[in-house]
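Student: This is what each chain is made of:
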Amino acid sequence: EVQLVESGGGLVQPGGSLRLSCSASGFTFSRYAMHWVRQAPGKGLEYVSVISTNGEIIYHADSVKGRFTISRDNSKSTLYLQMSSLRVEDTAVYYCVKDMWSRVSSSGPFDSWGQGTLVTVSS
Amino acid sequence: QSALTQPRSVSGSPGQSVTISCTGSSSYIDYYKYVSWYQQLPGKAPKLMVYDVSERPSGVPDRFSGSKSGSTASLTISGLQAEDEADYYCCSYVGNYRVIFGGGTKVTVL
Chain P
1 EVQLVESGGG
11 LVQPGGSLRL
21 SCSASGFTFS
31 RYAMHWVRQA
41 PGKGLEYVSV
51 ISTNGEIIYH
61 ADSVKGRFTI
71 SRDNSKSTLY
81 LQMSSLRVED
91 TAVYYCVKDM
101 WSRVSSSGPF
111 DSWGQGTLVT
121 VSS
Chain Y
1 QSALTQPRSV
11 SGSPGQSVTI
21 SCTGSSSYID
31 YYKYVSWYQQ
41 LPGKAPKLMV
51 YDVSERPSGV
61 PDRFSGSKSG
71 STASLTISGL
81 QAEDEADYYC
91 CSYVGNYRVI
101 FGGGTKVTVL
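These protein sequences, in sequence, are chains P and Y. Following my numbering, the numbering of the first sequence begins with 1 at its first residue and continues without gaps. Following my numbering, the numbering of the second sequence begins with 1 at its first residue and continues without gaps.
Read the hints as simulated data drawn from the structure, not as lab findings.
Straight-line alpha carbon distances no greater than 25 Å define the calculated BS3-like cross-link-like pairs of lysine-lysine that follow: (1) Y:LYS68 / Y:LYS33; (2) Y:LYS44 / P:LYS43; (3) P:LYS43 / Y:LYS47; (4) P:LYS43 / Y:LYS106; (5) Y:LYS44 / Y:LYS106; (6) Y:LYS47 / Y:LYS68; (7) P:LYS43 / P:LYS65; (8) Y:LYS68 / Y:LYS106; (9) Y:LYS47 / Y:LYS106.
So that you can see chain P by itself, here it is in the shape it has in the complex:
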C-alpha cells in the first residue's frame, strides 16, 4: 500500500523558512516523479512543484518560484520542499503527491496523496 507521510509544517513568521519532508513507502520511490500541491484554508487546490525521478527536471509555480525548492533523496525515499521568504499567502495545507506514471518526468495524474501538513505564516 502506498503511503506518503508529510512532516515539518508549523507556525512561522513572515519572511521565515521551513522545510517540509515527505516519507514515501509501498512503491519504488525512485521510479516516480513527485509533486507538491497546496490548499489554503477553505480554498481550492494549487499546484506547487514537481521533480523528476532523477531530480534533474524541476518546476515551480510562478507563485513560489525563487522562494521554494523541491528536492528528493531516493536513497531515503523522501521528498522535500524547502520554503523561504514565506508570506502570509503561503498559509496552506501542503500535500505530497505521487505521479501515476512510472517514468522519468511526468505531470500527473496524481494517484496517491499524503494527509497533508499545515503551514501557517503569521506574525
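Following the hints, complete the assembly by docking chain Y onto the known chain P.
Tutor: Chain Y only, in chain P's frame:
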C-alpha cells in the same frame, strides 16, 4: 480566478445524475486529453477519480464517468449516493510542466 472554470455547486437527490463542467481557455485545448478529476471528502486528502478525460483508476465505481466536448470537460456522477457529497476538482496539464486546477465544485446530495 482559476483558468479552469467550474460551477461552485451542484446538487441532486439520491439516485439522480449530476454533471460537473470544467471549461478552459482555448489555448489549453491541445492538452485536454490530460484532464483529471479529484474528489475531496471533508477533512480528507483529494482522491483521483478520473484521468485522461475518461479513464477510471481501479477501485473507482463506474458511477463516475468523464467526458470532453470542445473546451469543456465534464464529470458525471450517476446514481448519486450520500457518500458522493464532496468537493470535486478538475485538473489539466497545460504544457511546460505547468498544471492547473479548477476552482472546485461542491456536490450536495439532497
